[in-house]
Amino acid sequence: GEMNLELIDKAFEQIVHSRNKPQFEPYFSRLGKLFKDENFHFVMDVLKYIAINDTIGNDILHDKASKYQVTDYKQIMEILDSDGYLFFTEGVYQYTSPILQLWCKKHICK
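With the sequence shown counted from 1, adding 3 to any position gets you my numbering.
These are calculated hints, taken from the structure and not from any lab test.
Ideal Cβ positions, reconstructed from N, Cα and C, are used throughout, including at glycine.
Take these hints with a grain of salt, some might be off.
[Claimed, not checked] Simulated pairs of lysine-lysine, BS3-like, Cα-Cα distance not exceeding 30 Å:
(1) Lys39 to Lys67
(2) Lys108 to Lys67
(3) Lys24 to Lys108
(4) Lys109 to Lys36
(5) Lys36 to Lys24
(6) Lys36 to Lys70
(7) Lys36 to Lys108
(8) Lys51 to Lys67
(9) Lys13 to Lys109
(10) Lys77 to Lys67
(11) Lys67 to Lys109
(12) Lys13 to Lys39
(13) Lys24 to Lys51
(14) Lys13 to Lys70
(15) Lys36 to Lys67
(16) Lys24 to Lys13
(17) Lys108 to Lys70
(18) Lys109 to Lys39
(19) Lys67 to Lys24
(20) Lys13 to Lys108
(21) Lys39 to Lys77
(22) Lys51 to Lys77
(23) Lys77 to Lys108
[Claimed, not checked] Here are the simulated distance ranges between beta carbons:
(24) Gln78 to Ser21: 28 to 38 Å
(25) Ala14 to Asn56: 19 to 29 Å
(26) Gly60 to Ile82: 17 to 27 Å
(27) Asp75 to Ile18: 27 to 37 Å
(28) Glu81 to Glu9: 34 to 44 Å
(29) Phe15 to Asp86: 14 to 24 Å
Model the full assembly from the supplied sequences, consistent with the hints where possible.
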């Protein structure tokens, strides 16, 4: 019932608390090594967008790619997919991990 959901929410909150930064920081600092300049800004924008909206579709991806003048965005999305950040299902990308999503929402989406 309700109580269980509340407990789960509390557990999530504790996991994504800033004191656990060392566990999550590598995921995001790694992206800075993988992607440079506009590509990096595109990736962070996409990850923030999905953190807030749960999924991202091709139309919005295309808009963001145009915004950052990223030409090979499909390749970038494939990297994020194969590296386990996101997965593609029913025409949209979403986080593979709700915990990573919540972390992004709390600490990256400033």
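Hints, one by one, checked against the model:
1. Lys39 to Lys67: holds (16 Å)
2. Lys108 to Lys67: Given that 30 Å is the threshold and the Cα spacing comes to 19 Å, the pair holds.
3. Lys24 to Lys108: holds (13 Å)
4. Lys109 to Lys36: Status holds; Cα separation ~22 Å.
5. Lys36 to Lys24: holds (18 Å)
6. Lys36 to Lys70: holds (21 Å)
7. Lys36 to Lys108: holds (21 Å)
8. Lys51 to Lys67: holds (12 Å)
9. Lys13 to Lys109: Given that 30 Å is the threshold and the Cα spacing comes to 14 Å, the pair holds.
10. Lys77 to Lys67: Cα-Cα ~12 Å, so holds.
11. Lys67 to Lys109: At roughly 22 Å apart (the allowed maximum being 30 Å), Lys109 and Lys67 satisfy the hint.
12. Lys13 to Lys39: Distance of about 36 Å is beyond 30 Å: violated.
13. Lys24 to Lys51: Within the cut-off at roughly 17 Å; holds.
14. Lys13 to Lys70: Distance of about 37 Å is beyond 30 Å: violated.
15. Lys36 to Lys67: Holds. Lys36 to Lys67 sits at ~21 Å (cutoff 30 Å).
16. Lys24 to Lys13: Cα-Cα ~17 Å, so holds.
17. Lys108 to Lys70: Distance of about 22 Å is within 30 Å: holds.
18. Lys109 to Lys39: The hint holds at about 24 Å.
19. Lys67 to Lys24: holds (28 Å)
20. Lys13 to Lys108: holds (16 Å)
21. Lys39 to Lys77: Holds. Lys39 to Lys77 sits at ~16 Å (cutoff 30 Å).
22. Lys51 to Lys77: Measuring from Cα to Cα gives roughly 18 Å; hence the hint holds.
23. Lys77 to Lys108: holds (23 Å)
24. Gln78 to Ser21: 28 to 38 Å: Given range 28 to 38 Å: holds, Cβ gap about 33 Å.
25. Ala14 to Asn56: 19 to 29 Å: Since the Cβ atoms of Ala14 and Asn56 sit about 24 Å apart, the hinted range of 19 to 29 Å holds.
26. Gly60 to Ile82: 17 to 27 Å: holds (19 Å)
27. Asp75 to Ile18: 27 to 37 Å: Taking Cβ atoms as reference, Asp75 and Ile18 lie about 34 Å apart, which means the hint holds.
28. Glu81 to Glu9: 34 to 44 Å: Since the Cβ atoms of Glu81 and Glu9 sit about 38 Å apart, the hinted range of 34 to 44 Å holds.
29. Phe15 to Asp86: 14 to 24 Å: holds (23 Å)
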